[in-house]
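Protein sequences, first through last, are from chains A and B. Quick note on numbering: the working numbering labels position 114 of the first sequence as 114, and the sequence is numbered without any gaps. Quick note on numbering: the working numbering labels position 11 of the second sequence as 1011, and the sequence is numbered without any gaps.
Just so you know, these hints were derived from the structure itself, not from any lab. Misleading hints may appear alongside valid ones.
Derived lysine to aspartate or glutamate pairs resembling EDC-like cross-links, with alpha carbons at most 16 Å apart [claimed, not checked]: (1) B:Lys1301 - A:Asp205; (2) A:Lys301 - A:Asp205; (3) B:Lys1301 - A:Glu160; (4) B:Lys1301 - B:Glu1143; (5) A:Lys301 - B:Glu1196.
Protein chains: 2
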Amino acid sequence: MGDIRLAIVGLGKIARDQHIPAIAATEGIELTAIASRNAKLGAVAHFATIDDLLAGAPEVDAVALCTPPQVRRAQAASALRAGKHVLLEKPPGASVSELPVLIAAAEIGKRTLFATWHSRFAAGVEPARIFLAEREIRSVRIEWKEDVRVWHPGQTWIWEPGGLGVFDPGINALSILTRILPQPIFLTAAELRFPENCAAPIAADLDFSDEAGTLIRAEFDFLQTGPQTWDIHVDTDQGRLTLSSGGARLFHDGRILVDGEDAEYRGIYRRFVDLIRTGQSDVDLTPLAHVADAFMLGRRKTVEAFVEEAA
Amino acid sequence: MGDIRLAIVGLGKIARDQHIPAIAATEGIELTAIASRNAKLGAVAHFATIDDLLAGAPEVDAVALCTPPQVRRAQAASALRAGKHVLLEKPPGASVSELPVLIAAAEIGKRTLFATWHSRFAAGVEPARIFLAEREIRSVRIEWKEDVRVWHPGQTWIWEPGGLGVFDPGINALSILTRILPQPIFLTAAELRFPENCAAPIAADLDFSDEAGTLIRAEFDFLQTGPQTWDIHVDTDQGRLTLSSGGARLFHDGRILVDGEDAEYRGIYRRFVDLIRTGQSDVDLTPLAHVADAFMLGRRKTVEAFVEEAA
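Based on the sequences and whatever the hints tell you, model everything.
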């Protein structure tokens, strides 16, 4: 079987920083086209829109949608209609309910739909899942605190409805949490802090629980300067497990078990190749459903305006 | 088989107005106990809490939870653990994610879990579903406008997080819509208007669509005085179908097809008896997922404070 010919739609920061190097490092897939209104990439075939791409590059087998979530559903629907496999950056959409429609379209067309959660490919996640499967879990505490000015420069879509604000990184924590815990969880309370000039929150505190009544607390903050914190602590009957550095490092009672390099997107593309070759899809809506619950059930607080170019 | 012995938990307006007369009118089920902190019902056995009820009335087969959605999950979990069948008023919970955990508990315990959507039992709904199954749908317009002071007197929980505000009635329209349309829909945009002193919206405009790009618009308003409006208009290739009066009346191009009496809750209890007797559950989360999407994707606007005892 020849290489899968892939097009990237949306040539922004995440595509350049992560997708392009990961595709180059992955066997069985090659980048053959780009759709982006403004940006180009060397000699790679370029189209202004996904519709131009689908019309002008019929040899493309698959598309990776790296556009903001608000426009992704229509692009995914077009690509599936044109017979392409589709990879969705996270979050997989702007609404939970749009995903079942895409899943059905992929099934009918016998194409792969892959809703990626890159943090699930961090080195410590699978070892953490295996460790926790056998343990009694007493409590969970998540701290996911980063500086939006460093990680999302100029990404105004993040503050628009559907852009999710601090849940854009926070959903990464939820994607790990829902993978490593042996039982399903649900939100019980939340506080969301909206800057007075933004349609999305800049900070959130979330309380989850499960059938056993476990206390699970998450703190998301988008204004963390200095050291950045992407940690999940799980207290069990056999000590404390800590996933740190966004899941790349795993500790048990302070002793390091895993210290992985950043290879999340290579994991994504290996899995995408596997899914296409075996005719499968992989769409887990759970993290997005938790975020929707937080917006529905959360108490809103208005906080001071966010200005990107602050002093 | 003897009658199903039912307890009502939460003896508020909906229990008195709807559940009690419907139970009395339904073969195969009888009201044998009440749990309510303050209210009693004649000679029916009374308990202050659901825990007291479960301990003190072991002969009860099933419970109907008519409490506010914020407390219902814990009550449903307790009742299922005690081996009771459970009927949930709408909305079925305060979060989407809490429902799969209850569904799993009901399955494991071989008990019936019934998430009711009373408006789906209105007389015009099933005829509308059958009519639309064969038609090309061009557009849908929903107007769901009622006076909160008339229909929800003193119900302060409705303005708290999880109380849903205008979505408490609006979700009835969505429960009908998702039953009568032949294709799944998803939210594309929304505006939610929050009174400055409330944690839930008092009005909302919602845009939905489907795979075919159909325009579906809903307007929810909680400040409608004078005539009340609970209408769904569907324009098709064979004229306009209108469900009016909350689904009780059905018109085709202005000609009345169905003019039903209000028998929604009798339909609910007939179905609950059937589900218990046949060992099934019935939990459709779709309407609640659309509401969660609206809170996540919707643009928020602050409007003037809501004071129940307005001049």
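Against the structure, the hints come out as follows:
| no. | hint | in the structure |
| --- | --- | --- |
| 1 | B:Lys1301 - A:Asp205 | 22 Å, violated |
| 2 | A:Lys301 - A:Asp205 | 11 Å, holds |
| 3 | B:Lys1301 - A:Glu160 | 13 Å, holds |
| 4 | B:Lys1301 - B:Glu1143 | 20 Å, violated |
| 5 | A:Lys301 - B:Glu1196 | 11 Å, holds |
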